[in-house]
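Protein chains: 2
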Amino acid sequence: MVPMNLLRGKASADYLNTGEWSKKAIKEAKKFGAVNVVATSEDKNFSYAPPQDAWKLDPNAAYVHYTPNETIGGVEIFWTPETGDVPLVADMSSNILSRPIDVSKFGVIYAGAQKNIGPAGVTVVIVRDDLIGQVVPGTPTMMDYKTHGDNESMYNTPPTYGIYIAGLVFKLLKAKGGLAAMEQTNITKANLLYDYLDATSFFNSPVARENRSRMNIPFTLKDAALDEEFLKGCKARGLVQLKGHRSVGGMRASIYNAMPVEGVRQLVEYMKEFEAKHG
Amino acid sequence: MVPMNLLRGKASADYLNTGEWSKKAIKEAKKFGAVNVVATSEDKNFSYAPPQDAWKLDPNAAYVHYTPNETIGGVEIFWTPETGDVPLVADMSSNILSRPIDVSKFGVIYAGAQKNIGPAGVTVVIVRDDLIGQVVPGTPTMMDYKTHGDNESMYNTPPTYGIYIAGLVFKLLKAKGGLAAMEQTNITKANLLYDYLDATSFFNSPVARENRSRMNIPFTLKDAALDEEFLKGCKARGLVQLKGHRSVGGMRASIYNAMPVEGVRQLVEYMKEFEAKHG
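Just so you know, the sequences run in chain order A and B.
Okay, so the first sequence: first residue is 1 according to this note's numbering, each after it adds one.
Okay, so the second sequence: first residue is 1 according to this note's numbering, each after it adds one.
None of these hints come from the bench; they were simulated from the model.
Wrong hints could be hidden among the right ones.
To be verified - To list a few chain A residues with every Cβ distance to chain B over 12 Å, as calculated:
# : residue
1 : S12
2 : E28
3 : D43
4 : K232
5 : R265
Said to hold, decoys possible - Pairs of lysine-lysine, BS3-like flavour, derived with a Cα cap of 30 Å:
#  : chain 1 : residue 1 : chain 2 : residue 2
6  : A       : K243      : A       : K222
7  : A       : K146      : B       : K31
8  : B       : K277      : A       : K146
9  : B       : K171      : B       : K222
10 : A       : K146      : B       : K27
11 : A       : K30       : B       : K243
12 : B       : K146      : A       : K146
13 : A       : K31       : B       : K30
14 : B       : K277      : A       : K10
15 : B       : K146      : A       : K27
16 : A       : K23       : B       : K146
17 : B       : K10       : A       : K30
18 : A       : K31       : B       : K10
19 : A       : K31       : B       : K24
20 : B       : K23       : A       : K243
Unchecked claim - Anything over 10 Å on all C-beta distances counts as not near chain A; from chain B, calculated:
#  : residue
21 : K23
22 : K31
23 : P50
24 : P59
25 : Y110
26 : V124
27 : T139
28 : G167
29 : A225
30 : K243
31 : V248
32 : M259
33 : G263
Ideal placement from N, C-alpha and C gives every residue a C-beta, glycine not left out.
Produce the complete structure using the sequences and hints provided.
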């Protein structure tokens, strides 16, 4: 929906490429116009995010799109890019609600609900008013932000159950101290795992230190032949969904808001035991 | 999605116009190509469906689209149109699962889940294999039937909760005797209300007898000044959502699969009492 709504007669859009979700967004955007990749981390298997001063921004771009957290690579960008008058667009599917965000710096934020918001099947879109209402000709009614804006997101019958649960999640997060409190909890959780990964050579984190995601933490065993045994032991303790994406291999701990500190602590305990046995 | 996927290089598509949902479909199709309205019942305020012999079919049409049950007008088509080699497309949102359907007669059947299938936020699409894979250039990936067909409807993270509940509904319907049994129950429910509407002159059904919907039954009071009092009395007995759509006025009883026979019986009882008091 982003290119259909935001190209607004312009010839091209800027995209940062930091991994799988960036690539999907770029591929989709090419259906509607030219794409200028402002920077890419493909040279190092998407293990870092190019810093702002390495971005080649086009001042005439329709918008600048980036993915502040790449779920597969575990690469997160903690600073907000400066794009001048060009609207900034972020796919925040996997890190929204994990920490406070200054929404006013963005033209569009979009996020699938299924990580930190609620059940799969809801997508949250936050659009700056002046970017609404200039779709590419031939855009289906349901893909036009204006359709949803003009009808309080109820032009169609919306996914009511998912929206209801999302509302309960928002209330819960507020009751827990809001996003500032969630950020502290998420830092605590991530540090538990990263501190151990830094202290051992039995496991390894492939991600550049400044881009270590607080939501998705990929790691590898020094000896990949032990992967299966490690996963089996995890499962026996109720530690599941730890196999890394097939495109990167190894392990990946996804520790979204719903994962308690205790869950990460148990994983680290098991990793230590596994190392003691096999290291 | 229908025109984007089914135009396949053809100049125009055929549409039957039997009410509000037909009109929305026609408006959307015009974004992508020419529309030939094969017949319309607008002359009588969409209170009937034009019979097949009144349809002016275009043999070169990309497809023929119709809405077998118009929820607002309460107009249902119980026969399956004959369209020769031109694929037949049906928006079955409000009557799917209400009776057996010969799926092989259709090119595409689509239906929002929120009436007879399950929670809002799921759409069921049944597409004939040979109609997949010929989208209009510039179609978003998510709007291409092939994307969903090739990925077992899991290219994106699907609305898992809604799909799970839909599965439970399918099992329940099978356990109740399947769609043949549902049809009998739905006939019983609809007849309870229509028989009374035929027997009284205090209330009136605006819909042609052969197109009386089994799902949505609009009716009016002879004296519209009594509408509010009637609705108030309904609400006091737990009979709700009976106010007709603002475009047609009056009342509308939506008696989808989930409405038990007893619910319709109670409505008719109250209507009789109301007539006895005010008639």
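Results for each hint:
no., hint, in the structure
1, S12, "holds (16 Å)"
2, E28, "violated (6 Å)"
3, D43, "holds (27 Å)"
4, K232, "holds (26 Å)"
5, R265, "holds (28 Å)"
6, A:K243 / A:K222, "holds (15 Å)"
7, A:K146 / B:K31, "holds (16 Å)"
8, B:K277 / A:K146, "violated (49 Å)"
9, B:K171 / B:K222, "violated (43 Å)"
10, A:K146 / B:K27, "holds (17 Å)"
11, A:K30 / B:K243, "violated (48 Å)"
12, B:K146 / A:K146, "holds (27 Å)"
13, A:K31 / B:K30, "holds (21 Å)"
14, B:K277 / A:K10, "violated (68 Å)"
15, B:K146 / A:K27, "holds (17 Å)"
16, A:K23 / B:K146, "holds (20 Å)"
17, B:K10 / A:K30, "holds (25 Å)"
18, A:K31 / B:K10, "holds (21 Å)"
19, A:K31 / B:K24, "holds (26 Å)"
20, B:K23 / A:K243, "violated (49 Å)"
21, K23, "holds (13 Å)"
22, K31, "violated (6 Å)"
23, P50, "holds (26 Å)"
24, P59, "holds (26 Å)"
25, Y110, "holds (13 Å)"
26, V124, "holds (14 Å)"
27, T139, "violated (8 Å)"
28, G167, "holds (15 Å)"
29, A225, "holds (31 Å)"
30, K243, "holds (17 Å)"
31, V248, "holds (19 Å)"
32, M259, "holds (18 Å)"
33, G263, "holds (21 Å)"
The structure shown violates the earlier hints numbered 2, 8, 9, 11, 14, 20, 22, 27.
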